[in-house]
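J.: Going line by line, the protein sequences match chains E and V.
Counting from 1465, one number per residue, gives the positions in the first sequence under this note's numbering.
Counting from 11, one number per residue, gives the positions in the second sequence under this note's numbering.
Do not rely on the hints blindly, as some may be mistaken.
Capping the alpha-carbon separation at 16 Å, the derived lysine to aspartate or glutamate pairs in EDC-like fashion look like this [said to hold, decoys possible]:
| hint | chain 1 | residue 1 | chain 2 | residue 2 |
| --- | --- | --- | --- | --- |
| 1 | E | K1613 | E | D1599 |
| 2 | V | K259 | E | E1652 |
| 3 | E | K1623 | E | D1536 |
| 4 | V | K259 | V | E293 |
| 5 | E | K1529 | E | D1497 |
| 6 | E | K1577 | E | D1489 |
| 7 | E | K1623 | E | D1599 |
| 8 | E | K1663 | V | D254 |
| 9 | E | K1663 | V | D228 |
| 10 | E | K1664 | V | D254 |
| 11 | E | K1577 | E | D1511 |
| 12 | E | K1664 | E | E1618 |
Simulated from the structure, these hints should not be mistaken for laboratory data.
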Amino acid sequence: MSTALIIDDETQMRRLLRMVLESHDYKVCEAADGPLGLNEAALQRPDVVLLDLGLPGMAGTEVLKRLREWSDVPVLILSVRDQEAVKVEALEAGADDYVTKPFGTGELLARLKVIQRRRFTRQSPQIIAGPLTLDLLHHEVTLNDVPLKLTPTEFTLLKVLAEHAGRILTQGQITRQVWAGQFTDSSEGLRVHINHLRKKLGEAGPRIVNEPGIGYRLEAE
Amino acid sequence: MPEPAERRPVPAAVIGQYSWGVMLIFLLASACWLLLPYTGYLFSALVFLTAIVLMGVRWRRGPVLMMTLLSAAVWNFIFIPPIFTLHIDEPQDVAMFILFFAAALSMGHLTTRLHEREEALEMHHREKEQLLAEKHHAELMAESERLHRILLDSVSHELKTPIAIIRAAVDGLGPGNPFAEEIDTASRRLQRIIENFLEMSRIESEALRPQPDWCEADDVIHAATAPLQRELAGHVLKVTVPADLPLLKLDSRLLALALGNVLHNATLYAPTGTEIELRAMVENDVLQLSVRDHGPGLPAGGEAQVFEKFYRAPQSPAGGTGLGLTISRGLMQAMKGGIEAMNPSEGGAEFTLWLPVQSRPTLSLP
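Chain E on its own, in the form it takes in the complex:
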């Protein structure tokens, strides 16, 4: 059983999230604002945090930055639409994913499951994401056991996406990992390589979904 911490100023929203989470075997603790949330996070050591971006007083992104100073607990952002810039800021500050209010409970639970899955640890030279297998030792990719021919950049790009399969990655996070600072016109270059990669993965491959204004998500489930 894992513990979830809900940081949201809306009482009814907290109560409802508690009911949803408890019915799915979570132990739940709550906080109504940022400072209380940080205290709870330190005391309860939750396995996952649900953080509302629109908190009064200390803003959600600020709470996240403080939390990330000492904890790498998975964090799911709860936001409303039209906050793309804030969402990107939160993701770059270390949030793991977001859901947009109003959200379905199915979507919420699926996101929680993905971000709670332990983050990628380098213990195996293989990454498996749905029908896709990446062999990091030999730099080979197979899709449904059929080898794919990728350029070195496409391979790295696919590796970054597959390591975080099911999770959103911002444009900045992807370019920093793939090009490590040696690339300047990141946006256009990234699109070109995503375009090529999509064509090579074809219909049988996992979808690389774009979320406008935010980034990409590899849907491997």
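Guided by the hints, dock chain V onto chain E, whose structure is given.
T.: Same frame as chain E, now just chain V:
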């Protein structure tokens, strides 16, 4: 220091100064002529010089220079003996004439330059004040925009939170409960209405700032259709995107919203089970997205009216706000594009969203 005075065309006031200059020299020369028996001919030179200095303070360089030349000629012709000739007898008179001319020229030059500097300084000052006023205005506008955005954000938060709670609570009731499904449908409808009103308010307050970035047309189409899964379920959506469509630089979020409203509109009017065709093409750096349905088509003559705020076609199904297409038009206009509606001859209705875009060809792979 800028001297814009010299670059402007000759204004009427300067022409006036020339004529006043001629008149002044004539008057002074007449007065000095009358006084000549009492004062001697040197006196008139000093009178001319004084007039040049005084006028130089107020007049332009041209008229003052003209006065200098004219007074030198008049002094020589009328006052320096032998009079009524330009000839000068005495060497000291020649020296006097040269000195007069040099003094008049330099005094005229100095005083007009002083005058010009003053004018330029004043102009500079005025420009600075105007700039400050403009800056102040811009700051006020930015502040009002910021307040508007905060207000919209907070209204948006207040309206969406209860809906989020209703939706989550209905989800919690589990599937299969017909009452829960009704609540769910109604809350989705309410959500759409609220989002339409917020979007309309954003468009009208011009708080909408397109942020173009590179993207693929497929991404826009996916972002537009994904939230409409339930609405589109009753129709067959046929998407045609050329494989060699270039990368496009546009605000994919806003374009997806505009396209989503047009698609939703088509699902409302076209009978269940019919095809909705969505086509993308790029020609001469203009992206065109057309949505064609096989419904009753637009009311005759109402092709432009459908974009009017709160316009609802006769026999419209219940549940619309009459804002969807208005929002699409507002979004397209905010991106410097547009939207058009027509009835194709084969029936149904066709909407075309167009947008000038920067494009970049993608490589075709074997």
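J.: Next, verify each hint and record whether it holds.
T.: Status of each hint after checking the structure:
With a CA separation close to 13 Å, the supplied pair E/K1613 and E/D1599 stays within the 16 Å bound. For the proposed pair V/K259 and E/E1652, the alpha carbon gap of about 9 Å is at most 16 Å, so the pair holds. Between E/K1623 and E/D1536, the direct Cα distance comes to roughly 22 Å. Violation of the 16 Å bound is thereby established for this hinted pair. Our distance criterion of 16 Å between C-alpha atoms is met by V/K259 and V/E293, whose separation comes to about 14 Å.
Of the supplied pair hints, the one linking E/K1529 and E/D1497 holds, its CA atoms being roughly 15 Å apart against a limit of 16 Å. Distance hint between E/K1577 and E/D1489 is fulfilled; the C-alpha atoms sit about 12 Å from each other, no more than 16 Å. For a cut-off of 16 Å, the pair hint linking E/K1623 to E/D1599 stands: about 10 Å separates their Cα positions. For the given pair, E/K1663 sits about 11 Å from V/D254 by alpha-carbon distance, which is consistent with the 16 Å threshold.
With a CA separation close to 12 Å, the supplied pair E/K1663 and V/D228 stays within the 16 Å bound. For the proposed pair E/K1664 and V/D254, the alpha carbon gap of about 14 Å is at most 16 Å, so the pair holds. Restraint check for E/K1577 and E/D1511: the C-alpha separation of about 11 Å stays at or below 16 Å, so the hint holds. Between E/K1664 and E/E1618 the CA atoms are separated by roughly 10 Å; this keeps the pair inside 16 Å, and the hint holds.
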